[in-house]
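Peer 1: Going by UniProt numbering, the sequence shown wraps up at 171, each residue one higher than the last.
Honestly, the hints are just simulated from the structure, not real lab data.
A portion of the hints provided could be inaccurate.
Here are the simulated SDA-like cross-link-like pairs (lysine to any residue), alpha carbons at most 20 angstroms apart as the crow flies [to be verified]:
1. 62 <-> 86
2. 62 <-> 133
3. 117 <-> 136
4. 110 <-> 100
5. 62 <-> 153
6. 110 <-> 133
7. 133 <-> 106
8. 145 <-> 126
9. 133 <-> 104
Remember, predicted model here, so these are calculated numbers, not experimental data.
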Amino acid sequence: MARFASRAAAISQWNASHSNVHLLQESEIKNINNKISEMTNADYGGGDNPEVAKKYLQDIIKRVDGLRAIVITDRDGIPIIKVNAPEIQDPVSKPNFLASVSLAVEQAGKLGNGKNKRIICMFNTIQVIHFNKSPLMISLIASSKANTGILLNLESDLNGLVDDLRTAIDA
Numbered sequence: 001m002a003r004f005a006s007r008a009a010a011i012s013q014w015n016a017s018h019s020n021v022h023l024l025q026e027s028e029i030k031n032i033n034n035k036i037s038e039m040t041n042a043d044y045g046g047g048d049n050p051e052v053a054k055k056y057l058q059d060i061i062k063r064v065d066g067l068r069a070i071v072i073t074d075r076d077g078i079p080i081i082k083v084n085a086p087e088i089q090d091p092v093s094k095p096n097f098l099a100s101v102s103l104a105v106e107q108a109g110k111l112g113n114g115k116n117k118r119i120i121c122m123f124n125t126i127q128v129i130h131f132n133k134s135p136l137m138i139s140l141i142a143s144s145k146a147n148t149g150i151l152l153n154l155e156s157d158l159n160g161l162v163d164d165l166r167t168a169i170d171a
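Please build the complete structure, drawing on both the sequences and the hints.
Peer 2: What follows is the structure, encoded as structure tokens:
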């Protein structure tokens with residue numbers, strides 16, 4: 001229930017800031033979520049082939065409007081897999097920016113509210129969503145007009161790939 005409420009809130013906030021865009025109908029939201037859910041772990045075939053994993057991430061970028069790049073890094077901000085839209089080269093996908101996010105996650109965990117799971121950064125033209133999957137970090141770089149709720153829902157679709165990468169790193 002809370003998941004749907006946060007999704008609705010994200011959609012409402014996005015639409016409020018874009019007056020020329022109407023609220024999405026419930027059927028359109030379900031259609032978008034169904035398309036995202038179709039991307040299963042079978043689509044990337046596991047963590048043993050980085051090219052297949054990159055193709056899986058590239059397919060996600062093509063299917064989600066406004067998503068420009070997906071970067072999976074280690075805890076030091078060193079990219080393990082980086083996939084971006086062909087025409088995009090964002091400065092936020094550079095290692096120094098990604099390494100600073102790891103520090104922010106670590107510091108946020110010291111606030112006494114438990115382990116930090118996600119960080120959302122909003123800039124003028126882009127938004128960056130980070131998922132803490134220790135020892136890995138997933139960074140989604142998207143247009144500021146992209147639907148944040150849909151981007152947050154990608155976390156569950158990326159869990160299988162991250163689990164395989166984590167297993168490969170630990171081995």
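Peer 1: Against this structure, judge whether each hint is valid.
Peer 2: To see whether the hints hold, each was checked on the structure:
1. 62 <-> 86: Cα-Cα ~10 angstroms, so holds.
2. 62 <-> 133: violated, 24 angstroms
3. 117 <-> 136: holds, 12 angstroms
4. 110 <-> 100: holds, 16 angstroms
5. 62 <-> 153: holds, 16 angstroms
6. 110 <-> 133: Distance ~17 angstroms between residue 110 and residue 133 Cα, so the pair holds.
7. 133 <-> 106: holds, 12 angstroms
8. 145 <-> 126: holds, 8 angstroms
9. 133 <-> 104: Given that 20 angstroms is the threshold and the Cα spacing comes to 14 angstroms, the pair holds.
Checked against the numbered hints given earlier, this structure breaks only hint 2.
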